[in-house]
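Engineer: Chain by chain, the residues:
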Amino acid sequence: EAQVTQNPRYLITVTGKKLTVTCSQNMNHEYMSWYRQDPGLGLRQIYYSMNVEVTDKGDVPEGYKVSRKEKRNFPLILESPSPNQTSLYFCASSLAPSYNEQFFGPGTRLTVL
Amino acid sequence: QKEVEQNSGPLSVPEGAIASLNCTYSDRGSQSFFWYRQYSGKSPELIMSIYSNGDKEDGRFTAQLNKASQYVSLLIRDSQPSDSATYLCAVNIRGSSNTGKLIFGQGTTLQVKP
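Taken in sequence, the protein lines are chains G and E. So the first sequence is numbered by my numbering: it starts at -6 and just counts up by one. So the second sequence is numbered by my numbering: it starts at 1478 and just counts up by one.
Since the hints were derived computationally from the structure, they do not count as laboratory data. Think of the CB as a built atom: it goes at the ideal place given N, C-alpha and C, for glycine as much as any other residue. Certain hints may be false.
Under 10 Å between C-beta atoms, here's a sample of chain E residues computed to sit facing chain G [claimed, not checked]:
#1 Pro1521
#2 Leu1579
#3 Gln1583
Here are the simulated lysine-lysine pairs, BS3-like style, with alpha carbons at most 30 Å apart [what the hints assert, rightly or not]:
#4 Lys1519/E with Lys58/G
#5 Lys1479/E with Lys50/G
#6 Lys62/G with Lys11/G
#7 Lys1578/E with Lys11/G
#8 Lys1578/E with Lys1519/E
#9 Lys1578/E with Lys62/G
#10 Lys1479/E with Lys58/G
Work the whole structure out from these sequences, hints included.
Structural biologist: This is how it looks when you write it as structure tokens:
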């Protein structure tokens, strides 16, 4: 089944404790992206990747890191989480950024205390 | 001006009515437009894509695009309670990038009342 998977689905952590949210897709997609979704602010792009070893900042990259060492994986790293990073996070992938449907993962609800 | 704007609603329609959802965008060079549906607590799922001016129909859904007015809409005919969700408009904004990126509106919440 073609899908984007994320883990964990739910996470409660404390300020400053490094964490990684994994994202994997099995569709051989070139493009992958991370979004956060907050009430009243909609979906905002954090980082995106055009291909292996090619990543770039989205609209709200501060406090986040990403890597793309393999085509299928695009982990999101919070080196020192803070309460303002409490949010719902979605990973998405597509064949290309412009003309193709983005497939979304199930989401990760993160709470930073 | 926001790059992609939607009325947050809620838009309330009776079952069986036509629901009309609207979206405006700022980048005249945009070429691709998408409507996603998102149920509460779930991930967005694509319901329509449109690339040329005019109407595109798929079942009960019709997407309408007017590039001159920078306007894209989604019509849902014979609305059902199961259509109650938030509808996200997404536009590829080219800006200074050759590839562009997908910008989402804030979403319109639709409530279909039985």
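Engineer: Each hint needs a verdict: does it hold in this structure or not?
Structural biologist: Hints, verified against the model:
For Pro1521/E, the shortest C-beta to C-beta distance to chain G is roughly 5 Å, which falls under 10 Å, so the interface hint holds. Because the beta carbon of Leu1579/E sits about 6 Å from the nearest beta carbon in chain G, less than 10 Å, this interface hint is met. With a cut of 10 Å, the hint placing Gln1583/E at the interface with chain G holds, because the nearest CB-to-CB distance is about 4 Å. Pair hint Lys1519/E plus Lys58/G holds up; C-alpha atoms about 24 Å apart against a cutoff of 30 Å.
Note on Lys1479/E and Lys50/G: the hinted pairing holds, with a Cα-Cα distance of about 19 Å set against a maximum of 30 Å. For the hint pairing Lys62/G with Lys11/G, the CA-to-CA distance comes to about 20 Å; that is within 30 Å, so the pair holds. Taking the CA atoms of Lys1578/E and Lys11/G, the gap is near 29 Å; set against the 30 Å cutoff, the hint holds. Taking the CA atoms of Lys1578/E and Lys1519/E, the gap is about 22 Å. The hint holds against a cut of 30 Å.
In summary, the hint linking Lys1578/E to Lys62/G is supported, as the alpha carbons are separated by about 22 Å, within the 30 Å threshold. For a cut-off of 30 Å, the pair hint linking Lys1479/E to Lys58/G stands: about 26 Å separates their Cα positions.
Checked against the numbered hints given earlier, this structure breaks none of them.
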